[in-house]
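Just so it is clear: in the sequence shown, position 5 is 5 by our numbering, and no numbers are missing.
Don't take every hint at face value.
Here are the simulated lysine-lysine pairs, BS3-like style, with alpha carbons at most 25 Å apart [claimed, not checked]: (1) K45 / K12; (2) K45 / K5; (3) K45 / K11.
Please keep in mind that the hints were generated in silico from the structure rather than gathered at the bench.
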Amino acid sequence: MVLEKMCNCAKKRDLEQIRSFETADEAEEHAHEWADNLNNTFCGKHGFDVEVVGDNFVITVEEGGFSEACELY
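Please work from the sequences and hints to get the whole structure.
See the structure below:
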């Protein structure tokens, strides 16, 4: 499972960008839970969703013209 981009909120919380799991089902479940948690606990300047890319579940970051509180790098 991969967090696509580290926004300031993720950096402030010192989140890891990659998490590994034993099975694809476990990774998928945790990816959706993690994306939901990010949507509910971060600043609200971005939206997080899950996409399958190859063998990975990627938590995508929806960008907009609102980067002052949660800048992407």
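The hints, checked one at a time:
| no. | hint | result |
| --- | --- | --- |
| 1 | K45 / K12 | 15 Å, holds |
| 2 | K45 / K5 | 14 Å, holds |
| 3 | K45 / K11 | 15 Å, holds |
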